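*Asks:* Line order of the protein sequences matches chains G and W.
In my numbering, each residue's number is its place in the first sequence (first place is 1) plus 84.
In my numbering, each residue's number is its place in the second sequence (first place is 1) plus 473.
Treat the hints with caution; some may be incorrect.
[Claimed, not checked] Some chain G residues well away from chain W (every beta-carbon gap over 10 Å; in silico):
no., residue
1, Ala214
2, Asp302
3, Phe309
4, Tyr449
[Unchecked claim] Mimicking DSS-like on lysine-lysine, the simulated pairs with C-alpha atoms at most 27 Å apart in a straight line are:
no., chain 1, residue 1, chain 2, residue 2
5, G, Lys276, W, Lys497
6, G, Lys319, W, Lys671
7, W, Lys543, W, Lys497
These are computed hints drawn from the structure, not numbers from a lab.
Values in this document were obtained by computation on a predicted structure and should not be read as measured data.
Ideal placement from N, C-alpha and C gives every residue a C-beta, glycine not left out.
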Amino acid sequence: MRKHLALCVLLAVAPAFAQGQTSNATASDNAALEQKIRDLEDRIVALEGQVRMLKSQPGVASAPPIQPAAATPSSTSAEATAQAATAPAAPQEPVRLGGAGTAAAKALNPDISMIGDFIATTGQNPVVSAPTMEMHESELGVQAIIDPYARGDFFLSFGEEGVNLEEGYITFTALPGGIVAKAGKMRSAFGKVNTLHNHVLPWIDRPIVSGNVVGGEDGINDAGFSVTRILPAPKGLFLEGTGQLFRGDSADVFKSSQRSDVSVVGHLRGYGDISESTNLDLGVSYARGHNDLGSSFVTNLYGVDATLRYKPLRRAIYKSFVGRGEFIWSQRQQPGGAACLPGTCPDGVAPNFQRAFGFYTSGDYQFARRWFVGGRFDRSGRARDSRITDNGTSVVLTYWPSEFAQVRGQYRFTRYGAPFSNTAPPGKEDANELLMQIQFSLGAHGAHPF
Amino acid sequence: MMKRLTFLGLLAALLLPSCAFAKKLNVVTSTTDLGALTQEVGGDRITVESIAKGYQDPHFVEAKPSFLLKLRNADLLISVGLDLEIGWLPPLITQSGNGRIQPGANGYLDASQFAEILEIPQGKVTRAEGDVHPLGNPHYWLDPDNGRRLAKGIAGKLGELDPSDATYFQQRLADFDKRLSEAEKRWDAQMAPYRGRKVVTYHRSWPNFAKHFGLDVVGYVEPRPGIPPTPSHTLDLINLMKRENVKVMLIEPYFDLRTPNSVASQTGARVLVMTPSVGGEKGVDDYFKLFDYDLNLLKQVFDSTK
């Protein structure tokens, strides 16, 4: 509006000048005038930009309240107290932690998002029973920059009953030496799948190895500290090391019976671009903590993960492929004897260690802007009895109506290893299931790391 | 103790200024267009790298760790802003471990503050309108007037971070301004005969371009921003183009040509793949060549259609 006004004034003035100066009006005058209009236009655009920036900055949306009584020293003390009594209490309020000001300061509100995850299951599964239909998870995300030195992220996951703090942590982004530190409750950096929220998984469920060895859907997710740094590496290679210290409670993997039962997680990640559209991401992980048998029983986890991604940049929204695999070794201390059958223990294996191994490999191919097809192969021993091995195969088809919703179907075949009883021979139990999932996202959900 | 301190002080006094002189500002920009403008004003006193490629959809860039290697040593990060990079830049900034370029820090520059922004939604915004940008259309660099304003803003920022070269940056800016004004005259003259021509675009990438060169964008291949074409919308679009006699469709290089081609075949329109960014086509390697390339294409097509 103002811009138009300024232009109108200039244009109205221009002919007056031209008439007054009769034949002296030359092309150079016109050029000068044009230049002037252009400069004015630029200044208006710059002002508009400043207004936009100011609006988005804290503390500007609400003008500072005027102190009524303090500025009039001549008034009697009785008047002053009367004025003070009628004056609104707000200006006197001391600054508090998180005191973002009045409701007008809406710009300071954190990004709030809600992601719904609805799952329907049909078919038969003799081992694990999932309900026909469930609102599996509703994830509330609240994220914001805290101050110039840190940001905060909260993810509360609501089941149909009960709430769980999935993650809640502060990230210190401005530490010296290129260090990024986190404190709070977080998904640990063990491998790949463990770090992912449900809604970014390429499948409806999690791989069997996650359930058998790494604590399933919750995974290694605990309160503690995390430190990450990019490490020096040859040119073109990205190396990153992460060290984490946790209280020591994570699903059925780690249990802290006393304060010193902390758990640690370490992760080393190497990444390289093979070409503009293809890259390879490799990682090794280690986790150590005490298990549910008590302080003197330790569980060690070792992991290797590999991810190959392909995405041609010119057609990035139509075509992509991700191949991934994760291999995990579990070493769980249990009372001797149960670890391996007498006489079958290989040489050198301490009888009180339960050694389970599991892996998954999967591939996901995007064949159209909204369509993805994928498959996964699973195999894993069980952490508590590694003689039992479960196998699975899944086929997944995903459709995206938009970036903010997703419909997915998954056919899952699982062959469970039967528990070894004293008499019966090892048997197999099969499960054939069809899963359907609808996920939908409301609000501004911050992007997740690559 | 005292001696050691004096020694350290001397050492610091000797080393610091020499470092300051020797060190080039290390600038990273989110897109190639900002990179090209920064190069224009920064000259050889800076190094500049861009994250997204010119032929890539800037909404959907993968936050690859290799970009962290660029970001962790950056003195200045320049972003387009207006939520264009919302899906990939914030996690990169957080992970970079570089305090200088965090939002709010001195080395973070949101370039949208310098430009004229169009299509700022009024009132309540919902995603029923697709992937809308609540702060306005982020494709603002496609107006040369905005290019000049951006260069001016960037030159100011560079001078602030490196005061010893501030006059150099201002000289470069004045030179760029002069060359851009000349080019603008040429471009405006080139497009003058075609002002008011009706076009259809795939995405809302061209409002600033259309405003500057007087094109009339009457429709979009996308039913809503970010939503792929639907059969019913495509039919509506065909009818609209027939009714309004639209003969030119502007398509960004990263979109599928199937729908535009089928629309074109039914309306007799021409499909024109224009590049919205520097580096989008071979040879388009600076801000001037971006407009040279696109306007030449447009002129050819406008000449061959009526």
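*Asks:* Could you run down the list of hints and mark each one as holding or not?
*Replies:* Results of checking the hints against the structure:
1. For G/Ala214, the shortest C-beta to C-beta distance to chain W comes to about 31 Å, beyond the 10 Å cut-off, and the non-interface label holds.
2. Its beta-carbon lying about 23 Å from the closest one in chain W, G/Asp302 satisfies the requirement of being farther than 10 Å from that chain.
3. The Cβ of G/Phe309 lies farther than 10 Å from every Cβ of chain W, with a closest approach of about 16 Å, so its non-interface assignment holds.
4. For G/Tyr449, the condition that its CB be more than 10 Å from all CB atoms of chain W holds, with the nearest at approximately 16 Å.
5. Restraint check for G/Lys276 and W/Lys497: the C-alpha separation of about 38 Å exceeds 27 Å, so the hint is violated.
6. With a C-alpha separation of about 49 Å, the suggested pairing of G/Lys319 with W/Lys671 is violated against the 27 Å cut-off.
7. Using a Cα cut-off of 27 Å, the hinted pair W/Lys543 and W/Lys497 holds, with the two alpha carbons roughly 15 Å apart.
The structure does not agree with the numbered hints 5, 6 stated previously, though it agrees with the rest.
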